[in-house]
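Chains as they are written, first to last, in this note's numbering: chain A, 1 to 115; chain B, 1001 to 1116.
It should be emphasised that the hints constitute simulated quantities derived from the structure, not laboratory data. Be aware that one or more of the hints could be misleading.
[Claimed, not checked] Below, a sample of chain B positions facing chain A; criterion: calculated Cβ distance under 8 Å: (1) L1044; (2) R1112; (3) V1115.
Using N, Cα and C, we set each Cβ at its ideal position, and we do this for glycine too.
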Amino acid sequence: KNQVEQSPQSLIILEGKNCTLQCNYTVSPFSNLRWYKQDTGRGPVSLTIMTFSENTKSNGRYTATLDADTKQSSLHITASQLSDSASYICVVTLERPQAGTALIFGKGTTLSVSS
Amino acid sequence: GAVVSQHPSWVICKSGTSVKIECRSLDFQATTMFWYRQFPKQSLMLMATSNEGSKATYEQGVEKDKFLINHASLTLSTLTVTSAHPEDSSFYICSAHPGFTNYEQYFGPGTRLTVT
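Please build the complete structure, drawing on both the sequences and the hints.
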């Protein structure tokens, strides 16, 4: 079954601290993995996209890693800010030869940054 | 660039009525648009994929006669929830794909539907 599992479910950190979010997936065939930030009541905003051949990608204070062999990814947030409080969603693209591509979403990790 | 808008941002309707949600790509042409539904504390779930000028492809378990999708132009797709019921209350999000190979889907801000 094509699934994306994220951990932890929620996380509370102090402003300025770093954190790492985890994503494990069983999606196959896999074409790329994305991390999105979703504020409450808003649509997701893309942070990074990695194909299976990429191991790491950065976007400012966000750094994503991918191990396609173990089917694991992580999102590292450096020097967190209050505005980082949001849900972070791991999304894996499933290639479906007969039905087109589909994005398989994890449930997200809810990050709360406090002062 | 790559902005996707949705209208309305929230809507309350009575059970049995129909509601239309618009999804527009504002600064690019979207060959493909996607419609998702998200229940509280749940993942986004793909409902259907629409390509401009052709019929939408619905995911398994999504009733095509209940959720009517029209992709009339390269910048506009609409989702009509027909004969809405309280269980249709959800957050509906569209995304648009530009068609060139950057794998990106740009998401709209979502529409909160509440059926009373």
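Hints, verified against the model:
no.: 1; hint: L1044; in the structure: holds (5 Å)
no.: 2; hint: R1112; in the structure: holds (7 Å)
no.: 3; hint: V1115; in the structure: violated (18 Å)
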